[in-house]
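Please model the entire structure based on the sequences and the hints provided.
Residue numbers (the numbering used here), protein chains in the order written: chain R, 21 to 200; chain V, 231 to 324.
By construction, these hints were calculated from the structure, which means they are not laboratory data. Take the hints with a grain of salt, since some may be wrong.
Listed below are several chain V residues computed to face chain R (Cβ distance under 10 Å; list not exhaustive) [stated by the list, open to error]: (1) Cys241; (2) Pro254; (3) Trp259; (4) Asp263; (5) Leu286; (6) Pro290; (7) Gly298; (8) Val299; (9) Pro300.
Note that the Cβ used here is the ideal one computed from N, Cα and C, for glycine as well.
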Amino acid sequence: MRPISLAPHLNNTGLTGTAGLDGGGFNIWGNSFPAGELPPAGGTTAVGEVPFLFPVAGADNVRCRGQRVEVPPGRWDWVHVLGAAERRTEDLLEVHHSDGSVRGQWLRLSDFWPQTEPRFGEVLAFRCRHLHYPRHVQRTMSPSIWAQRVPLTVPSDVVALVLPDNPALHVFALTLQAAE
Amino acid sequence: MTAVRLTFSPCDLPLDGRILQVVPGRYDWIHLDLSVPVEEATAWLHYRDAVDPEFLRSLPGSSIARIGVPRRDELLAVELPALPGVRLLGTVLT
Numbered sequence: 021m022r023p024i025s026l027a028p029h030l031n032n033t034g035l036t037g038t039a040g041l042d043g044g045g046f047n048i049w050g051n052s053f054p055a056g057e058l059p060p061a062g063g064t065t066a067v068g069e070v071p072f073l074f075p076v077a078g079a080d081n082v083r084c085r086g087q088r089v090e091v092p093p094g095r096w097d098w099v100h101v102l103g104a105a106e107r108r109t110e111d112l113l114e115v116h117h118s119d120g121s122v123r124g125q126w127l128r129l130s131d132f133w134p135q136t137e138p139r140f141g142e143v144l145a146f147r148c149r150h151l152h153y154p155r156h157v158q159r160t161m162s163p164s165i166w167a168q169r170v171p172l173t174v175p176s177d178v179v180a181l182v183l184p185d186n187p188a189l190h191v192f193a194l195t196l197q198a199a200e
Numbered sequence: 231m232t233a234v235r236l237t238f239s240p241c242d243l244p245l246d247g248r249i250l251q252v253v254p255g256r257y258d259w260i261h262l263d264l265s266v267p268v269e270e271a272t273a274w275l276h277y278r279d280a281v282d283p284e285f286l287r288s289l290p291g292s293s294i295a296r297i298g299v300p301r302r303d304e305l306l307a308v309e310l311p312a313l314p315g316v317r318l319l320g321t322v323l324t
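Here it is in structure tokens:
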């Protein structure tokens with residue numbers, strides 16, 4: 021397993037503390053996840069057997085706008101994604117190979133709220149007890165972050181992943197799983 | 231890294247859009263031994279509670295193709311693409 025740093029691409033604040041509620045903007049309403057109910061910022065957290073680099077505070081997730089994420093050399097079978105969607109969403113993740121070829125793979129993420137079951141068979145990574153609004157803490161809403169996986173049907177010579185141009189998709193962390 | 235040798239269950243079927251039942255269970259990959267390489271096609275994965283399209287692609291330089299099974303749900307069947315002239319010679323699920 022190889023966690024990938026998304027630091028160059030973080031462009032959205034989805035986690036806030038109670039002292040900074042108005043700094044969040046996971047969606048158009050300014051909602052955010054309660055950071056205190058999630059793993060420590062900047063550390064590695066495991067969901068099942070998959071380690072993820074949990075983002076640092078501040079801009080802490082990638083709102084997908086076609087960002088290109090470089091991939092280290094290797095043969096990779098799976099891209100594990102820690103993320104959530106403003107509304108359940110599926111879109112194509114582009115897999116770029118060293119020979120210039122590009123292959124699509126479906127990236128599917130369920131709703132961050134309401135607290136429904138996974139729409140796309142993901143693992144529930146975190147379910148918080150509160151939802152942050154810019155001016156209050158809503159104690160009756162429980163937003164979710166999901167652990168999804170995307171297969172790389174052609175595992176060799178992958179040089180980059182290009183995220184969908186779809187701002188409803190938010191990615192907190194990516195981890196590559198080597199091919200067997 | 232350890233290479234894994236796959237043992238295919240042999241068959242000889244046309245890729246004509248048929249639905250293959252599988253032993254219900256959770257899987258990572260469907261490997262297909264095809265008569266010719268297939269650059270890209272769409273297969274439909276039938277789970278107990280959903281049906282998803284997924285890409286089928288042959289590995290470079292090989293007629294072995296594979297389909298990822300992302301959902302952590304029970305897979306029941308695979309709806310293969312209709313590709314005239316292509317035959318399915320074996321399958322293995324891992």
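These are the hints, each one checked on the structure:
| no. | hint | in the structure |
| --- | --- | --- |
| 1 | Cys241 | violated (21 Å) |
| 2 | Pro254 | violated (15 Å) |
| 3 | Trp259 | holds (7 Å) |
| 4 | Asp263 | violated (15 Å) |
| 5 | Leu286 | holds (7 Å) |
| 6 | Pro290 | holds (7 Å) |
| 7 | Gly298 | holds (2 Å) |
| 8 | Val299 | holds (8 Å) |
| 9 | Pro300 | holds (5 Å) |
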